[in-house]
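Protein chains in written order, with full-length UniProt numbering: chain A, 1 to 201; chain L, 1 to 433; chain Z, 1 to 350.
Just so you know, these hints were derived from the structure itself, not from any lab.
All values reported here derive from a predicted model rather than from experimental measurement.
A virtual CB, placed ideally from N, CA and C, is assigned to each residue, including glycine.
Keep in mind that the hints are not guaranteed to be accurate.
To be verified - Quick list of the computed label-pair ranges, beta carbon to beta carbon: (1) Asp88/Z with Glu127/L: 32 to 38 Å; (2) Glu286/L with Asp88/Z: 37 to 43 Å; (3) Gly158/A with Asp88/Z: 39 to 45 Å; (4) Val298/Z with Gly28/A: 52 to 58 Å; (5) Gln71/A with Val214/Z: 53 to 59 Å; (6) Gly245/Z with Glu283/L: 25 to 31 Å; (7) Thr363/L with Pro211/Z: 56 to 62 Å.
Stated by the list, open to error - 20 Å max Cα-Cα, derived EDC-like pairs, lysine to aspartate or glutamate: (8) Lys312/L with Asp291/Z; (9) Lys48/A with Asp138/A; (10) Lys35/Z with Glu107/A; (11) Lys35/Z with Asp95/A; (12) Lys64/Z with Asp138/A; (13) Lys34/Z with Asp116/A; (14) Lys35/Z with Asp138/A; (15) Lys244/L with Asp294/L; (16) Lys87/Z with Glu310/L; (17) Lys35/Z with Asp116/A; (18) Lys64/Z with Asp116/A; (19) Lys244/L with Glu220/L.
Claimed, not checked - Taking beta-carbon pairs under 8 Å as the criterion, some of the chain Z residues facing chain A (in silico): (20) Leu17; (21) Ile33; (22) Pro37; (23) Thr38; (24) Leu266; (25) Gly318.
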Amino acid sequence: MSTGTPTSGSGRQGTAPGDGVAGTTVLGAEDVARALTRIAHEVVERNKGVDDVVLLGIPTRGLPLARRLAQRLAQVEHVPAEQLVGSLDVTMHRDDLAHQPTRTIGETYVPGDGIDGKVVVLVDDVLYSGRTIRAALDAISDLGRPRAVQLAVLVDRGHRELPIRADYVGKNLPTATAERVRVLLAETDGEDRVVIEGGAR
Amino acid sequence: MTTYLLTGARPLGGDPTDVLVADGVVAALGADARRAGAQVVEADGLVLLPGLVDLHTHLREPGREDAETVESGTRAAALGGFTAVHAMANTTPTQDTAGVVEQVWRLGRDAGWCDVHPVGAVTVGLEGERLAELSAMARSAAAVRVFSDDGKCVHDPVVMRRALEYVKAFDGVVAQHAQEPRLTEGAQMHEGVVSAELGLTGWPAVAEEAVVARDVLLAEHVGSRLHVLHLSTAGSVDIVRWAKARGIAVTAEATPHHLALTDDLVRGYDPRFKVNPPLRTAEDVEAVRQGLADGTIDVVGTDHAPHPREDKDCEWGAAAFGMTGLETALSVVQEVMVDTGRLTWADVARVMSTAPAHIGRLTGQGRPIAVGEPANLTLVDPAARRVVVPEEQATASVNSPFAGRELPGRVVATFLRGRATVLDGALVEGTHR
Amino acid sequence: MRHLLSAADLDLGEAVLVLDTAAQMAATQAREIKKLPTLRGRTVVNLFFEDSTRTRISFETAAKRLSADVINFSAKGSSVSKGESLKDTALTLQAMGADAVVIRHQASGAPHTLAHAGWTHGAVVNAGDGMHQHPTQALLDAYTLRRHLVGDGGRADATGRDLAGVHVAIVGDVLHSRVARSNVQLLRTLGARVTLVAPPTLVPVGVHAWPAEVSYDLDDVLATGPDAVMMLRVQRERMSSAGGGFFPSPLEYTRGYGLDARRLALLPDHAVVLHPGPMNRGLEISADAADSPRAVIVEQVANGVAVRMAVLYLLLAGGDTTRGRDEGTSRAGDGQERTDVRTDETRVHA
Numbered sequence: 001m002s003t004g005t006p007t008s009g010s011g012r013q014g015t016a017p018g019d020g021v022a023g024t025t026v027l028g029a030e031d032v033a034r035a036l037t038r039i040a041h042e043v044v045e046r047n048k049g050v051d052d053v054v055l056l057g058i059p060t061r062g063l064p065l066a067r068r069l070a071q072r073l074a075q076v077e078h079v080p081a082e083q084l085v086g087s088l089d090v091t092m093h094r095d096d097l098a099h100q101p102t103r104t105i106g107e108t109y110v111p112g113d114g115i116d117g118k119v120v121v122l123v124d125d126v127l128y129s130g131r132t133i134r135a136a137l138d139a140i141s142d143l144g145r146p147r148a149v150q151l152a153v154l155v156d157r158g159h160r161e162l163p164i165r166a167d168y169v170g171k172n173l174p175t176a177t178a179e180r181v182r183v184l185l186a187e188t189d190g191e192d193r194v195v196i197e198g199g200a201r
Numbered sequence: 001m002t003t004y005l006l007t008g009a010r011p012l013g014g015d016p017t018d019v020l021v022a023d024g025v026v027a028a029l030g031a032d033a034r035r036a037g038a039q040v041v042e043a044d045g046l047v048l049l050p051g052l053v054d055l056h057t058h059l060r061e062p063g064r065e066d067a068e069t070v071e072s073g074t075r076a077a078a079l080g081g082f083t084a085v086h087a088m089a090n091t092t093p094t095q096d097t098a099g100v101v102e103q104v105w106r107l108g109r110d111a112g113w114c115d116v117h118p119v120g121a122v123t124v125g126l127e128g129e130r131l132a133e134l135s136a137m138a139r140s141a142a143a144v145r146v147f148s149d150d151g152k153c154v155h156d157p158v159v160m161r162r163a164l165e166y167v168k169a170f171d172g173v174v175a176q177h178a179q180e181p182r183l184t185e186g187a188q189m190h191e192g193v194v195s196a197e198l199g200l201t202g203w204p205a206v207a208e209e210a211v212v213a214r215d216v217l218l219a220e221h222v223g224s225r226l227h228v229l230h231l232s233t234a235g236s237v238d239i240v241r242w243a244k245a246r247g248i249a250v251t252a253e254a255t256p257h258h259l260a261l262t263d264d265l266v267r268g269y270d271p272r273f274k275v276n277p278p279l280r281t282a283e284d285v286e287a288v289r290q291g292l293a294d295g296t297i298d299v300v301g302t303d304h305a306p307h308p309r310e311d312k313d314c315e316w317g318a319a320a321f322g323m324t325g326l327e328t329a330l331s332v333v334q335e336v337m338v339d340t341g342r343l344t345w346a347d348v349a350r351v352m353s354t355a356p357a358h359i360g361r362l363t364g365q366g367r368p369i370a371v372g373e374p375a376n377l378t379l380v381d382p383a384a385r386r387v388v389v390p391e392e393q394a395t396a397s398v399n400s401p402f403a404g405r406e407l408p409g410r411v412v413a414t415f416l417r418g419r420a421t422v423l424d425g426a427l428v429e430g431t432h433r
Numbered sequence: 001m002r003h004l005l006s007a008a009d010l011d012l013g014e015a016v017l018v019l020d021t022a023a024q025m026a027a028t029q030a031r032e033i034k035k036l037p038t039l040r041g042r043t044v045v046n047l048f049f050e051d052s053t054r055t056r057i058s059f060e061t062a063a064k065r066l067s068a069d070v071i072n073f074s075a076k077g078s079s080v081s082k083g084e085s086l087k088d089t090a091l092t093l094q095a096m097g098a099d100a101v102v103i104r105h106q107a108s109g110a111p112h113t114l115a116h117a118g119w120t121h122g123a124v125v126n127a128g129d130g131m132h133q134h135p136t137q138a139l140l141d142a143y144t145l146r147r148h149l150v151g152d153g154g155r156a157d158a159t160g161r162d163l164a165g166v167h168v169a170i171v172g173d174v175l176h177s178r179v180a181r182s183n184v185q186l187l188r189t190l191g192a193r194v195t196l197v198a199p200p201t202l203v204p205v206g207v208h209a210w211p212a213e214v215s216y217d218l219d220d221v222l223a224t225g226p227d228a229v230m231m232l233r234v235q236r237e238r239m240s241s242a243g244g245g246f247f248p249s250p251l252e253y254t255r256g257y258g259l260d261a262r263r264l265a266l267l268p269d270h271a272v273v274l275h276p277g278p279m280n281r282g283l284e285i286s287a288d289a290a291d292s293p294r295a296v297i298v299e300q301v302a303n304g305v306a307v308r309m310a311v312l313y314l315l316l317a318g319g320d321t322t323r324g325r326d327e328g329t330s331r332a333g334d335g336q337e338r339t340d341v342r343t344d345e346t347r348v349h350a
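One chain only, chain A, in its complex shape (with noise of 0.2 Å):
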């Protein structure tokens, strides 16, 4: 359903087809892809090419988002995406363990040789109070010692709890904390689509 009370300029685009997602749809299949392909730009004019930048997805979601940024990467560099992309699960450093059900670990694995003197670019989905991204900056240094690591976020609603700061978003959307923000992925969810649930909306 549209909204009569927007907190915010984007454009909200009414209620989610009937698969299991209600709420509001802020970003449809072709503005994720026009926002990937922008941070793909920003992150080879940054770093002047592709020839030092390791791209780890952070899973679930950031892993998908990192492939197609690579891909995008290799497309402009005409580099093997494969040879740009890692993963990196957080798990084993997060610091809320203790508060949730127990996770799943997922796998981590670095192209080439390792990240040490490399460009990491960390990229998930959505960048919120920060901890996940704390979390991975600390298990990078267990990896290695990456010359710089940046940061590229499909999303940053805001409400950060750390000092940590996006260097590529593909959209910033303020929201209450009563809300949930959710990124569907086709890689993970059959469709690309962000969406807005819960709060007063």
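Let chain A serve as the given structure and place chains L and Z on it in line with the hints.
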């Protein structure tokens, strides 16, 4: 002494009648019983049994008063409907001399809740090597007639033969704890499917059966009577059945727990279910019930074996063997034998009073309910149901395997030679000393 | 999982989850920095009533790699040998705030009693009890088998896979072996087929109820081409009369049930040889077999650490409202999962 009129009681579960208890005897039955001045005990619908006799208890005194005393054990016995109990010899010091058995006998008399008949040890210190002074115990004030190393087996065949022969001089009986020691070294539970899964050293049925078979043949050879304690396996029941058919003077006992519980209960490693002989399979339980129903097994004995809490509040391997039973025995027998139609109340009187009294050569116990007979009586309400709460029992220990379980039947009153030890299901304090 | 007392506690999904988690743990152990912060602030007590340096060190390493505090409590030289009961020991550990108790005890069922008698609120991990169970050994064996036998011999990802179709021969003193009991149950849960091979004296009465076949002839079983042979330790004292007289002589045992070069050659090319250790070289296994490329015995030790890390993680990392640790936290991290699922698949940014 108070005179009691039991109104509407059903002797051995038969037709209701009034029963007058006076001067220590059954003074009158039926219409003659209505006499002024008697204290009336409403007994409509209640079953009247001869006072129960237990051939097999461990009262732990002297030596383990932290588990039970003659006083606490006989209070439990009275509440369970017993008017006579035999106290096994594995005390400290062992009941292997006239002095010790007389001490226990006197403790029983002083307590006054039921008759206490000490069992004499067969061998000195229960060591299985040298006969104890059986004759001296028989001729003591305790007049011992039942001899047993219970807890241990008289495993040496020559010692067993000598004991069987020797007690003939005073009409005694050897009560054997049938357990081949070599086959049960380190044994923790019945050997079978459950022990294989739980990794507990097995206690094979054959360790019991081999000794039962040997002993019935020895008893036949020397012409003595033999009593086999706590039959627990189908094979043991078969052997005793065969021996009786052959005319061998063997009697046998079943415990309430071997009539009701199986080795499946060990799966939780709860030491309350650790007992010697061990709980067996459902097939064994059925065979023991059948043996009791068809008369192969003569008596129910409780093997009441109290233990202090710390001996059960530990891992299985470190826990003591044994279960309490005096206050639940009659209910268990009712549940598994009477309520299932396999025994009548008259049969219960036989297996829990008449037969054990006869085996123990007790003259005043296990008598018919008839005018002039000693008034050793138990009044049971078979319609009552109760949940077993060990902490509320009179026994000093709480190791009941029936804790938390609902059982039928309640002992309403117990009379010891005309004196009420229990009325309204509670001990009658202060009148018995 | 609240405790790990028996291999039978695990259903197929849980068993595979432990193996998958162990695989991720193993990956971290290949790195230069092996220590993870995951269980920081948690206390793991190794409560060993029976000597077992290997198992204790394995659990200790696992706990330390996850940054848990480790307290080693050995019965030798402690108050236990002065007659202190399991109960009092447990109450002491509870007072010290043990989040997990890893217990090795000579009495079958002692971990079960510890977990259920209300003496401790921590998770109980059975590190071997009498002749009953040794579930982490079975898990590390299953992990080792999966690595070698599933997913094209370890070349493809085995994540999520069980051991369906794998045939394992367990050879030796089954009667006294907690390793055998745990393995029979776990291998069955994972879909493997098990054949027990032992002299009849070392097979328990009641084995017919186990989900395994029994053979008295090792050569016959090897001829059927098992995918793995698991040799059990045989104690030399079992042959003596005092030890039960289970076999006439070590030499006769070795002839019938020892794995030597000749028998090793009977195995299919892909088959592996396991042994829980410590080995009696020359009795149940010859040096040829123990040191052959098919023997994965040393790898089992390394896998033991990963599997025990996985077990400690799964028992201790999750939130437990009964521990009262949730107070004062209205929000969790970025993940914000409020759902009760274990996987990350429904990650919600609330």
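The hints, checked one at a time:
no., hint, in the structure
1, Asp88/Z with Glu127/L: 32 to 38 Å, "34 Å, holds"
2, Glu286/L with Asp88/Z: 37 to 43 Å, "42 Å, holds"
3, Gly158/A with Asp88/Z: 39 to 45 Å, "54 Å, violated"
4, Val298/Z with Gly28/A: 52 to 58 Å, "55 Å, holds"
5, Gln71/A with Val214/Z: 53 to 59 Å, "57 Å, holds"
6, Gly245/Z with Glu283/L: 25 to 31 Å, "30 Å, holds"
7, Thr363/L with Pro211/Z: 56 to 62 Å, "60 Å, holds"
8, Lys312/L with Asp291/Z, "48 Å, violated"
9, Lys48/A with Asp138/A, "26 Å, violated"
10, Lys35/Z with Glu107/A, "17 Å, holds"
11, Lys35/Z with Asp95/A, "15 Å, holds"
12, Lys64/Z with Asp138/A, "18 Å, holds"
13, Lys34/Z with Asp116/A, "17 Å, holds"
14, Lys35/Z with Asp138/A, "12 Å, holds"
15, Lys244/L with Asp294/L, "12 Å, holds"
16, Lys87/Z with Glu310/L, "9 Å, holds"
17, Lys35/Z with Asp116/A, "19 Å, holds"
18, Lys64/Z with Asp116/A, "26 Å, violated"
19, Lys244/L with Glu220/L, "10 Å, holds"
20, Leu17, "7 Å, holds"
21, Ile33, "5 Å, holds"
22, Pro37, "6 Å, holds"
23, Thr38, "4 Å, holds"
24, Leu266, "38 Å, violated"
25, Gly318, "3 Å, holds"
The structure fails to meet hints 3, 8, 9, 18, 24 from the earlier list, while all remaining hints are met.
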